[in-house]
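Chemist: Below are the chains, spelled out letter by letter.
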Amino acid sequence: GDSVTQMEGPVTLSEEAFLTINCTYTATGYPSLFWYVQYPGEGLQLLLKATKADDKGSNKGFEATYRKETTSFHLEKGSVQVSDSAVYFCALTGSARQLTFGSGTQLTVLP
Amino acid sequence: KAGVTQTPRYLIKTRGQQVTLSCSPISGHRSVSWYQQTPGQGLQFLFEYFSETQRNKGNFPGRFSGRQFSNSRSEMNVSTLELGDSALYLCASSLDQGAGNTIYFGEGSWLTVV
Numbered sequence: 001g002d003s004v005t006q007m008e009g010p011v012t013l014s015e016e017a018f019l020t021i022n023c024t025y026t027a028t029g030y031p032s033l034f035w036y037v038q039y040p041g042e043g044l045q046l047l048l049k050a051t052k053a054d055d056k057g058s059n060k061g062f063e064a065t066y067r068k069e070t071t072s073f074h075l076e077k078g079s080v081q082v083s084d085s086a087v088y089f090c091a092l093t094g095s096a097r098q099l100t101f102g103s104g105t106q107l108t109v110l111p
Numbered sequence: 001k002a003g004v005t006q007t008p009r010y011l012i013k014t015r016g017q018q019v020t021l022s023c024s025p026i027s028g029h030r031s032v033s034w035y036q037q038t039p040g041q042g043l044q045f046l047f048e049y050f051s052e053t054q055r056n057k058g059n060f061p062g063r064f065s066g067r068q069f070s071n072s073r074s075e076m077n078v079s080t081l082e083l084g085d086s087a088l089y090l091c092a093s094s095l096d097q098g099a100g101n102t103i104y105f106g107e108g109s110w111l112t113v114v
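For the record, the sequence lines run as chains A and B.
The working numbering numbers the first residue of the first sequence as 1 and each following residue consecutively.
The working numbering numbers the first residue of the second sequence as 1 and each following residue consecutively.
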């Protein structure tokens, strides 16, 4: 079945540091890929998505590129802020027509 | 445009009781799905409804059930509550599941079973 493997956390960075959170997936066919963010005590918010190979999703300075050859969808941001502190989830929708999530990565950004 | 609305936000139940959670999807969205989030198991898919029909179900016992109404609103029910059912229950809606459609989540219902 479909699966998502996400970089283990927690990740602690200083403000303005570069962020990478690794995500790889296993799925049949051509899944759509997503990054969701969850702030403390809240639900999930869509951060960005990509629906086909080589697509780049971007939002609020975050970017991720759908790499079919490496089955990856790594999240990057050039300069993180304290307000980016949250839990980040990589996810996909494949043939099963449901979201399959990674385990989540807790990001803490220190001022 | 209003987002996905879930009620209640917080509730405490006793072991053996049952609970019903409600979800109003984004206007125009016909697919509603439910997920359970726990620290140990992470985010797990419960079931998905489209036009009042359950199309997909996750690996949960029969105590977990749901339904969708003609206005796309959905409810999920958990009977004979166990301590392990304590979790954040998230409802999500989309125009349709899969095919790259964006799935939007509500704030969730926090269930504590004591």
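Worth flagging that the hints you see were computed from the coordinates, not collected in a lab.
Computed from a prediction, not measured in an experiment: that's the story for all the values here.
The reader is advised that the hints may include incorrect statements.
[What the hints assert, rightly or not] Incomplete in silico selection of chain B near chain A, CB under 7 Å: (1) P39; (2) Q41; (3) F45; (4) F105.
[Said to hold, decoys possible] Straight-line C-alpha distance at most 30 Å; calculated DSBU-like pairs for lysine-lysine: (5) K52(A) <-> K57(B); (6) K52(A) <-> K77(A); (7) K13(B) <-> K57(B); (8) K13(B) <-> K68(A); (9) K52(A) <-> K68(A); (10) K56(A) <-> K77(A).
All C-beta atoms, glycine included, are put in the ideal place defined by N, C-alpha and C.
Chemist: For every hint, state whether the structure bears it out.
Modeler: Against the structure, the hints come out as follows:
no.	hint	verdict
1	P39	violated, 10 Å
2	Q41	violated, 10 Å
3	F45	holds, 5 Å
4	F105	holds, 4 Å
5	K52(A) <-> K57(B)	holds, 26 Å
6	K52(A) <-> K77(A)	holds, 21 Å
7	K13(B) <-> K57(B)	holds, 25 Å
8	K13(B) <-> K68(A)	violated, 45 Å
9	K52(A) <-> K68(A)	holds, 8 Å
10	K56(A) <-> K77(A)	holds, 13 Å
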